[in-house]
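Taken in sequence, the protein lines are chains A and B. With numbering that gives the first Met the number 0, the residue at position 244 of the first sequence is 243, and numbering never jumps. With numbering that gives the first Met the number 0, the residue at position 112 of the second sequence is 111, and numbering never jumps.
If you are wondering where the hints come from, they were derived from the structure by calculation, not from laboratory data. Be aware that a few hints might be false.
Said to hold, decoys possible - Part of the chain B face toward chain A, derived, beta carbon under 7 angstroms: (1) Leu182; (2) Ala184; (3) Leu270; (4) Ala273.
As the list claims (entries may be wrong) - Covered stretches of chain B, as calculated for chain A (at least 3 residues, CB under 8 angstroms): (5) 161-175; (6) 230-239.
Since the model is a prediction, treat every value here as computed from it, not as a measurement. By construction, the Cβ of each residue, glycine as well, lies at the ideal position given by its N, Cα and C atoms.
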Amino acid sequence: MSVAVTIEAIDKRFLAFQALRNVSLDIQPGELVALLGPSGSGKTTLLRLIAGLEQADAGRVLFGDDDTRDLSLRDRRIGFVFQHYALFKTMTVAENIAFGLRSRPRAERPDGAEITRRVKALLELVQLPDLERRYPSQLSGGQRQRVALARALAIEPQVLLLDEPFGALDAKIRKDLRAWLRDLHSRTGHTTVFVTHDQEEALELADRVAILHEGKLEQVGTPDDVYDHPATPFVCEFLGEANRLPVKIVGSQAFLGDRPVLGGLTQNQSGPAALYVRPHHLKFVDETPLSIPGVVEQLRRTGALRRAEIAVAGLTKRLDLDLTSQVAPAIGERVRVKITHATAFATA
Amino acid sequence: MAASAASSSWRQPSVLPGLGLSLGITLTALSLVVLIPLAALFIKAASAGPAEIWAIATSPRTLAALRLSFLGALFAASINAVFGLILAWVLVRYEFPGRRLVDAAVDLPFALPTAVAGIALAAIYAPNGWVGSLLAPYGIKIAYTPLGVMVALIFIGLPFVVRMVQPVLEESQGDIEEAAALLGASRLRTIFTVVLPPVMPALLTGFVLAFARAVGEYGSVIFIAGNVPMVSEIAPLLIVIKLEQFDYAGAAVIATMMLLISFALILLVNLIQARTRRKLGDV
Chain A
0 MSVAVTIEAI DKRFLAFQAL RNVSLDIQPG ELVALLGPSG SGKTTLLRLI
50 AGLEQADAGR VLFGDDDTRD LSLRDRRIGF VFQHYALFKT MTVAENIAFG
100 LRSRPRAERP DGAEITRRVK ALLELVQLPD LERRYPSQLS GGQRQRVALA
150 RALAIEPQVL LLDEPFGALD AKIRKDLRAW LRDLHSRTGH TTVFVTHDQE
200 EALELADRVA ILHEGKLEQV GTPDDVYDHP ATPFVCEFLG EANRLPVKIV
250 GSQAFLGDRP VLGGLTQNQS GPAALYVRPH HLKFVDETPL SIPGVVEQLR
300 RTGALRRAEI AVAGLTKRLD LDLTSQVAPA IGERVRVKIT HATAFATA
Chain B
0 MAASAASSSW RQPSVLPGLG LSLGITLTAL SLVVLIPLAA LFIKAASAGP
50 AEIWAIATSP RTLAALRLSF LGALFAASIN AVFGLILAWV LVRYEFPGRR
100 LVDAAVDLPF ALPTAVAGIA LAAIYAPNGW VGSLLAPYGI KIAYTPLGVM
150 VALIFIGLPF VVRMVQPVLE ESQGDIEEAA ALLGASRLRT IFTVVLPPVM
200 PALLTGFVLA FARAVGEYGS VIFIAGNVPM VSEIAPLLIV IKLEQFDYAG
250 AAVIATMMLL ISFALILLVN LIQARTRRKL GDV
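Working from the sequences, and respecting the hints, build out all of it.
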């Protein structure tokens with residue numbers, strides 16, 4: 000039932016705005032892929048192109064071996080979930096879910112009893128039993144989005160597309176729905192593409208994450224891949240907080256000023272570079288080689304962790320460091336920090 | 000809470016004070032402007048005596064005028080509902096040169112003195128007018144026939160439907176249409192099951208307003224209707240004729256009949272309206 004989706008060299012322009020530039024992406028059958036990027040990066044445009052709601056200026060989208068340009072919207076068999084639900088408000092929940100089945104040509108349409116049975120099964124799948132007779136206006140946001148998903152699943156889609164599905168919901172419900180969607184996907188196994196601007200959501204949910212920036216695909220990979228080995232500075236900064244250190248690479252060592260701060264670099268890229276270090280890849284050490292001296296200027300709490308801001312001579316921005324132990328330094332204390340992991344990008 | 004609710008259940012505590020005062024002012028104004036004149040109308044009509052009331056009410060000329068007024072208004076409002084909806088759709092959904100001009104022109108029947116509209120319509124639809132002369136060879140006469148009455152009533156009622164429906168269409172997002180298309184619905188099915196139902200309450204309101212306006216319309220109709228008794232004479236004109244003959248009771252009887260029929264029809268539509276609103280939950 001699930002098909003592979005192949006996106007080949009897509010270009011899309013809206014008047015003067017180049018929304019997508021030469022985007023190619025292979026999605027395996029049953030895979031859950033996140034399209035991640037800031038507003039205006041082209042992620043929603045790409046999703047709508049896959050759905051057939053937009054036409055590409057160049058390139059094509061394949062479902063399995065079928066060129067989607069030859070398929071009508073109905074024949075593409077796409078389950079699409081909109082950010083603002085797009086439920087039909089004059090219809091009950093059951094009528095909304097049954098809409099796709101009732102829209103089929105008479106020969107393929109299941110009979111009334113079968114439709115009722117399937118609606119019931121879908122409502123159970125999305126954990127909203129007994130809400131058949133409600134109207135969308137009588138449901139909460141999270142319930143509406145689950146009804147929208149049930150409606151999309153009702154047509155037995157080849158591909159499931161979700162456009163910022165949790166964007167309009169509050170933080171707690173987002174988290175619950177995230178886990179629930181992951182679970183649902185592992186049970187139903189639809190090829191699924193969802194759009195989000197929330198990197199945490201993308202990393203937690205997806206099998207693979209595709210990061211878009213200004214219409215270009217910056218990197219595609221598993222969450223571990225893109226997080227630990229970002230291909231570009233943009234990916235690195237977008238996926239999470241990072242300290243940026245202007246360094247000079249000589250051989251396998253990075254120098255901050257004339258002090259070596261990181262060794263064992265394998266890429267051969269001597270010259271000026273930007274070193275990106277995540278807050279949890281910095282730790283306090285006693286006097287050792289490759290450590291950076293500084294002064295603790297500020298202590299903050301960020302959710303579960305506590306964070307120290309450390310002023311370092313020669314850097315305009317303080318370094319952010321996540322404290323791993325309960326023992327915190329005092330403000331004003333002189334400390335030394337060591338980089339445990341970093342990514343270097345050459346700068347011109 | 001329970002005690003205060005028991006003492007006066009309709010008086011809810013509110014951040015905005017002065018319900019009693021504003022209710023008093025409103026009711027006084029409503030009485031002076033609407034209720035008392037209407038009551039006077041009933042009293043005047045009653046002064047005629049039962050036999051005379053019956054005679055006036057069932058006279059063929061009265062019945063013909065009432066039939067023309069109400070059926071004409073219903074017909075005109077129906078036409079307006081269809082074309083007003085299409086016009087509103089076009090204005091909301093399509094960008095075309097002159098769209099703002101057309102949008103502004105929709106309100107003209109509101110602004111134009113009705114007599115001007117009537118004279119203009121009569122001139123155009125008369126057998127020697129621009130449009131009338133085109134239709135005359137086919138034996139179709141518009142001006143000075145009941146058809147002319149319809150044209151005038153359609154003209155003055157159009158803005159109501161357009162202006163009621165337009166904001167609702169603007170608010171409805173394109174995504175429900177896309178959702179329907181992706182779920183496999185044909186275009187017709189999308190329009191009739193997805194796009195139109197949310198518009199129905201507004202369309203019905205526009206229909207009622209256009210109908211009410213058409214029933215009471217006088218100025219524009221009398222110029223184009225020809226006013227032939229039993230054929231193209233509308234009820235409001237009959238009332239004026241009775242007044243000119245100092246038959247005040249007769250005029251009041253016809254007016255009362257119009258009032259009662261209008262009230263019953265509008266009440267009916269409002270009941271339908273209330274049902275659809277409940278179903279939609281919001282609005």
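The hints, checked one at a time:
The interface hint given for Leu182(B) is met, as the beta carbon of that residue sits about 4 angstroms from the closest beta carbon of chain A, less than 7 angstroms. Among the interface hints, the one on Ala184(B) holds; its C-beta lies about 4 angstroms from the nearest C-beta in chain A, closer than the 7 angstroms criterion. For Leu270(B), the interface hint is violated, since its Cβ never comes within 7 angstroms of a Cβ in chain A; the closest pair sits about 18 angstroms apart. For the restraint placing Ala273(B) at the interface with chain A, the shortest Cβ-Cβ distance is roughly 15 angstroms, beyond the 7 angstroms limit, so the hint is violated.
Residues of the region 161-175 of chain B lying with their CB closer than 8 angstroms to a CB of chain A number 3, which satisfies the three-residue condition for coverage. Counting residues of the region 230-239 of chain B whose CB lies closer than 8 angstroms to any CB of chain A gives 0, so the stated coverage by that chain is violated, three being the minimum.
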